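Novice: Here is what each chain is made of, one letter per residue.
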Amino acid sequence: GENVEQHPSTLSVQEGDSAVIKCTYSDSASNYFPWYKQELGKGPQLIIDIRSNVGEKKDQRIAVTLNKTAKHFSLHITETQPEDSAVYFCAADGNNRLAFGKGNQVVVIP
Amino acid sequence: KAGVTQTPRYLIKTRGQQVTLSCSPISGHRSVSWYQQTPGQGLQFLFEYFSETQRNKGNFPGRFSGRQFSNSRSEMNVSTLELGDSALYLCASFGVNTEAFFGQGTRLTVV
Chain A
1 GENVEQHPST
11 LSVQEGDSAV
21 IKCTYSDSAS
31 NYFPWYKQEL
41 GKGPQLIIDI
51 RSNVGEKKDQ
61 RIAVTLNKTA
71 KHFSLHITET
81 QPEDSAVYFC
91 AADGNNRLAF
101 GKGNQVVVIP
Chain B
1 KAGVTQTPRY
11 LIKTRGQQVT
21 LSCSPISGHR
31 SVSWYQQTPG
41 QGLQFLFEYF
51 SETQRNKGNF
61 PGRFSGRQFS
71 NSRSEMNVST
81 LELGDSALYL
91 CASFGVNTEA
101 FFGQGTRLTV
111 V
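Chains A and B are the protein sequences, given in the same order. Every letter in the first sequence is one number past the one before it in the working numbering, and letter 37, counting from 1, is 37. Every letter in the second sequence is one number past the one before it in the working numbering, and letter 18, counting from 1, is 18.
No wet-lab data here; the hints were simulated from the structure. Keep in mind that this is a model prediction, so the values were computed, not measured. Take the hints with a grain of salt, since some may be wrong.
Straight line, CA to CA, 25 Å or less: simulated DMTMM-like cross-link-like pairs of lysine to aspartate or glutamate [unchecked claim]:
| hint | chain 1 | residue 1 | chain 2 | residue 2 |
| --- | --- | --- | --- | --- |
| 1 | A | K57 | A | E39 |
| 2 | B | K57 | A | E2 |
| 3 | A | K102 | B | E82 |
| 4 | A | K102 | B | E99 |
| 5 | B | K57 | A | D27 |
| 6 | A | K71 | B | E99 |
| 7 | B | K57 | A | E5 |
Bound conformation, chain A alone (with noise of 0.2 Å):
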């Protein structure tokens, strides 16, 4: 099945500076890969996510790229704010179920 790997496991920025979070799938059957924040006692919630038709999206502040050959997809938040503090999960889908990365935590220091 699926298998998706996340880097690295934690992230550390200064507010202000950029972010980026990269996954990588093994089944290059997978058609969509979302990204999910997570807070503190909360459910994760979907920010972003790419098809494979495309090779980059942004929504404001993120975007996330696409490299099917290599197999790689990446979340990029730009200009990080203190509430950007969460726990950020890839996904791609693959036997009718969305694989995750074990997710990473990212903390943004004021």
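Starting from the structure of chain A, add chain B where the hints point.
Specialist: Only chain B this time, still in chain A's reference frame:
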């Protein structure tokens, strides 16, 4: 549009007991998946239901089971609880374009 509703939010059970968790998906969504979230393992897929049928199952023992009703609401059941079953159980409701929307989860603590 109401989001995914999971009840209860918190549960404390004793080893050996059983537990039933409930999930009401977003109105109109027919597919529901369940995930177990633990600090060390991330989100682990339990099973997926579509139109009352289990379409997919993860690598969990038979003590974990689920079902879906005609109104798309879903329940999962864990029998003979073990300490290691302590986790956040998340339900995801799927839209027609594969987007998954999660509920707040049920925090299960087994003592």
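Novice: If you test the structure against every hint from before, which numbers come out violated?
Specialist: Nothing - there is no hint that the structure violates, so all of them hold.
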